[in-house]
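These are the residues of each chain, in order.
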Amino acid sequence: MKRNISKVAVLGSGIMGSGIACHFANIGVEVLLLDICPNELNESEKQKKLSLDSKAVKNRIVNEMFNKCIKSKPSPIYSKSFVKRIKLGNFDDDISKIKSADWIIEVVVEKLEIKQKIFDLIEKHRTPGTIVTSNTSGIPIKLMSKGRSDDFNKNFAITHFFNPPRYLNLFEVIPSPNCDKHLLSFLLKYGEKYLGKTSILAKDTPAFIGNRIGTFGIQSLFHQVKNGDYTIEEIDKLTGSIIGRPKSATFRTADVVGLDTLISVSKGIYDSCKNDESIEIFKEPDFLKKMVKNNALGSKTGKGFYKKIKDNSGKSKILRLDFDSMEYVEQKKVNFDILSKARKIKASNEKFKFLVSGDDKGSNFYKENFSRMFHYIQNRIPEISDSIVSIDEAMKAGFGWKDGPFEIWNYIGINEGKELMKVYGLETAKWIDDMLSNGYNEFYKKSEGIVQYYDLKSKKYKAKPGQEGFVILKNILEDKVVWSNSEATLYDIGSDIVNLEFSSKMNVINQNIISSLKKGVEIAEKDFKGLVIGNEGSHFSAGADISMIFLLSVEQEYDELNHVMKIFQDTMMRLRYSAIPVVAAPHGYTLGGGCELCLQCDAVVPYSETYIGLVEAGIGLLPGGGGMKEMILRASDKFKKNDVEVNILQEYFMNIGMGKTATSGFEGYELDYFIKGRDITVMNKKNQINIAKQKALNLFDAGYTKPIERNDIKVLGKQALGMLYVGVDSLRAGDYISDHDKKIANKIAYVLCGGDLSQPTKVSEQYLLELEREAFISLCGERKTLERMQYMLKNGKPLRN
Amino acid sequence: MREAYIVKGFRTAVGKAPKGFFKFKRPDELAAETIEFLINSVPDFDKYWIDDLIVGNAVPEAEQGFNVARLISLMGLKIEDVPGVTVNRLCASGLESLAIASAKIKSGMADCIIAGGVESMSYIPMTGYKPVPSYNTVSQGKEDYYWGMGLTAEQVAKDFNISREDQDVFSFNSHMKAIQAIKDGKFDSQIVPITVDETYLDENLKKQTKSEIFKQDQGPRADTNLDVLAKLRPVFSANGSVTAGNSSQMSDGASFLMVVSEKMLKKIKIDPIAKLTNYSVAGLPPKIMGMGPVKAIPKVLKQSGLKMNDIELIELNEAFASQSIAVINELKLNSDIINVNGGAIALGHPLGCSGAKLTVQLIHEMKAKNLKYGMVTMCVGTGQGAAGIIEII
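Sequence order for the protein chains is A and B. Residue numbers for the first sequence, in the numbering used here: 1 to 801. Residue numbers for the second sequence, in the numbering used here: 1001 to 1393.
What the hints contain is simulated information worked out from the structure, not anything from laboratory work. Incorrect hints may appear among the rest.
Claimed, not checked - Covered by chain A, per the in silico footprint, the following chain B stretches (three or more residues, Cβ under 8 Å):
1) 1122-1136
2) 1148-1159
3) 1231-1240
Stated by the list, open to error - Straight line, CA to CA, 27 Å or less: simulated DSS-like cross-link-like pairs of lysine-lysine:
4) K344(A) with K402(A)
5) K1231(B) with K762(A)
6) K2(A) with K154(A)
7) K55(A) with K1019(B)
8) K474(A) with K459(A)
9) K310(A) with K1142(B)
10) K1130(B) with K1142(B)
11) K48(A) with K1016(B)
12) K1130(B) with K660(A)
13) K68(A) with K308(A)
14) K71(A) with K1019(B)
15) K641(A) with K1267(B)
16) K293(A) with K351(A)
17) K1019(B) with K743(A)
Cβ coordinates follow ideal geometry from the N, Cα and C atoms, glycine included.
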């Protein structure tokens, strides 16, 4: 049976419930979000003389919880306009509405008897066959399914989201004992394709996979810090981005999660996993007890392992907790020799090998930490999962690790890992010894463009699941490389489509990337049906490489600068005017030049988490690579007879002038970077390049013809320019912007209006390209623009001057 | 010279814009119904006697466009014989139309004119639908000619050292005075009850109609206090002091007066109530348009031969608390006689209507207190001031 999910009921509107409701709204599902009615009036309700029966009171809890969620940052919702997909209500009045829901998700407090009451309600009102899932992170499903009807249990599972549901990509599914097999596979597939998550089948064991391993990781570091071998800031330095973990590393992550949450998860594991050989690790260390007593629970109480303060000069500063005094003290500068060396190693396998190769304090940390982790995960098989892939993927998706623990072990080498463990008196599991003695020396290997993993059951290598239908660039064989240079690779991704992958730092657009774009179009025109521009880096592209622009500007080599910009523009136009369809697949930061690139393509297939914007004003410039031209063209195409055109143009002006960035792959449509009906937003990153490839193929098959250059773009000239100048001046007078901001904004206004033409005029793309290039170069001659560029190059963030 | 007499004057209650009780009331209809009420208040009046209708309006476009005065005449008088002219001096439009009417009658060009103003800020945005500043002007650094009024209020606060606290206290007092005036029924006899019919879709998207009568100003807030006002953020400038709480409100409203010659007075056989004896306007830098009254008031006093001390009651339009305080300080005006029943910060400021509305309020209050000379004055956008002297008969 094919299931369609068009309406979901979420019962319980706490942080998780509201967040889950938002994420279903994100993907276009209608949501009913319910919570309990309050049992007494609050002060303002009393003042307004409301009673417990009035609607406003009955919905107060759900209203308050949901509003708090919506206002939280980063936003749980892709676009403010999606909020209306969620209807709020209460259990008393609205529970009967769950009969029209396709899926009912329980997210009430973690107490079995309360959950059972909710399940009673659900049984009473649900339509038979409706999916029911619980988002519990700790209550065994065998207890929850006790006493429920057959139809309920057949359609019952745990679907465990991670907080915040929009951003954390792990979706654990635990079936009820009598769960229908089709339902299980449906949930796993739905999680991947629709919710955009990594779906993992987990067993009914405490804390499932992600939290079990993740909590072990944090708790074991608590013990290392407790022993006084390392300080808080040292451990955070060692366990952050250097080993592919989030920047917040260990203790800052703990502060964000909240110590109370951590303690309760740890306690749950400690109480119910008596057979876990490392169970003592989960015991609450003394300092945690003291911290709880001091109300140092992390960000929510303003202090935890760290505390942010303002010093005398008003500058904010982050102090760290000293365990001896339980006071907050200045952080010490952390300096491990191996870290700076390791940073230079690009390949993961070499880096991890290097980290455990030395004999200094840093290396010893990794040796012990990895050994204990390896020891723990090997022993969790088959307890919590039968598959190493599930454990690795859960940690990557749920905790933002770039590499899973078995992958890390694989990089170091299974045998080498075994030797490390011995030093700490830790033994390898039998299944690993069996594996090694049978001649299997790797957990993972790549074969014919497919990643294989060691499957314990069959004792053989098997294709890693989840690759079917996806195009995974890093698995593609070298003989599929059509062309490459040191920072870009053109792959044949099948069906006569090529993909151009950037690999420059932050995928910035530099000379290598420019030449790869030209080459990509040239090769695709000759031998292929279409070109996809997509990559698997953290970000699609952080923009044009401004270092050269900066140098030429400083040296006042304006002719050379003009030449460079002309090449940049010409390359962008080459994407616009080619004989084959070009499709961009942006994700993450897609800024400045990266955005301009997307604007020239025939179609865009953004990932749902795409942050696209023309942010040049922030570094004292304006979009000079065809971005201005394209936005003017799009504004002009919007003008209809009798429109007040300046009002339409003004929105574009604000977006570019303020460097507005879309906060999702959906908001990008509202800013006109993506085009409704033409572009497709993809929920699962793994699926993105494949969909982009299909898009290019569709365009080709529909009979793609090289577009003709436009010369009918209506610019408004003086009619709009006066208005925009007044707007900019008003912002300056109101101290919202600086003098230099005003200068930049006026330049943007000038280009946007097509210059100071006496009347609205139809112009060509080339006219606009020249205008934007001229304005760009004139801004490069401004001292304050140079200061902005220099600051960005040095500090990676914009300067306001 | 002939005299021009005000015989009657009324105003509507003022609704908040854009979401107040007149949000569905077109400005032309609002004005037409006010005029109808005004005519009916004069017994044995023949509307064919009216020579002209002068309507002040600050943004005469869309529902206020197409010379809305003529349409109001057709709609309100229900005859086709009375012409109409729309007059625009932004916030002084309502007073300007009264001045034109008085001048025409004094010079013998007319015997009976209905004058006043109307504004719907619910329907028409303050800058109109298509603001098109002159590029040639603004590119010479004259952007401030087109500044929003809020910025000019900030400029005044800065140039004349008006503190945020003083602005908030001034605003709080405006509300308290207005609330008291409403409580005391001070406006009751000057307000035209207006019926608003609304056809709308209910929660279930079913068509519904409702009809409601409004006759009490919507703006004043009894529940405001200095703490609340102090918490509001500046809206026009990042580090400024002008907030939504210490600025006039956006409003909808209409107000009209009947001005006649001596000859007409005999014909309609009622006693006149007042005269607009003098009226002056003046220009100043647009950046500090709020100081307009500082130039207009001395000018009108000189014209009338009166001294400031002769003026017993003043309606000073509270465009912003900052400019109101600055004007009071600069001219050393007596605060006790200014806006005794609250001002635009509490009661609202329906731009083109305000001059007429303030005149109606002033006349009613002076009559009640048995005073002789009063003044209506206001600042006007793009750097102008206006002031008129009312003499009670």
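Going down the list of hints, with the structure as the test:
1. Check result for the stretch 1122-1136 of chain B against chain A: holds, 8 residues qualifying (beta carbon to beta carbon below 8 Å, three or more required).
2. Remark: the stretch 1148-1159 of chain B is confirmed as covered by chain A, as 4 of its residues place a Cβ nearer than 8 Å to a Cβ of that chain, reaching the required three.
3. As drawn, the stretch 1231-1240 of chain B meets chain A at 5 residues by the rule of a beta-carbon pair under 8 Å; at three or more, the given contact holds.
4. For the given pair, K344(A) sits about 17 Å from K402(A) by alpha-carbon distance, which is consistent with the 27 Å threshold.
5. Restraint check for K1231(B) and K762(A): the C-alpha separation of about 50 Å exceeds 27 Å, so the hint is violated.
6. Among the hinted pairs, K2(A) with K154(A) is consistent with the structure: their alpha-carbon atoms are about 16 Å apart, no more than 27 Å.
7. Between K55(A) and K1019(B) the CA atoms are separated by roughly 23 Å; this keeps the pair inside 27 Å, and the hint holds.
8. Of the supplied pair hints, the one linking K474(A) and K459(A) holds, its CA atoms being roughly 26 Å apart against a limit of 27 Å.
9. Between K310(A) and K1142(B) the CA atoms are separated by roughly 43 Å; this puts the pair beyond 27 Å, and the hint is violated.
10. Proximity of K1130(B) to K1142(B) is assessed by CA-CA distance (about 19 Å); at most 27 Å being required, the pair is judged to hold.
11. Distance restraint check for K48(A) and K1016(B): the Cα-Cα separation of roughly 23 Å lies within the 27 Å cut-off, and the hinted pair is therefore satisfied.
12. Our distance criterion of 27 Å between C-alpha atoms is met by K1130(B) and K660(A), whose separation comes to about 24 Å.
13. Using a Cα cut-off of 27 Å, the hinted pair K68(A) and K308(A) holds, with the two alpha carbons roughly 23 Å apart.
14. About 25 Å separates the Cα atoms of K71(A) and K1019(B), which keeps this hinted pair within 27 Å; it holds.
15. In summary, the hint linking K641(A) to K1267(B) is not supported, as the alpha carbons are separated by about 54 Å, beyond the 27 Å threshold.
16. About 41 Å separates the Cα atoms of K293(A) and K351(A), which puts this hinted pair outside 27 Å; it is violated.
17. As the CA atoms of K1019(B) and K743(A) are separated by approximately 38 Å, the hinted pair breaks the 27 Å bound.
Checked against the numbered hints given earlier, this structure breaks hints 5, 9, 15, 16 and 17; the rest are met.
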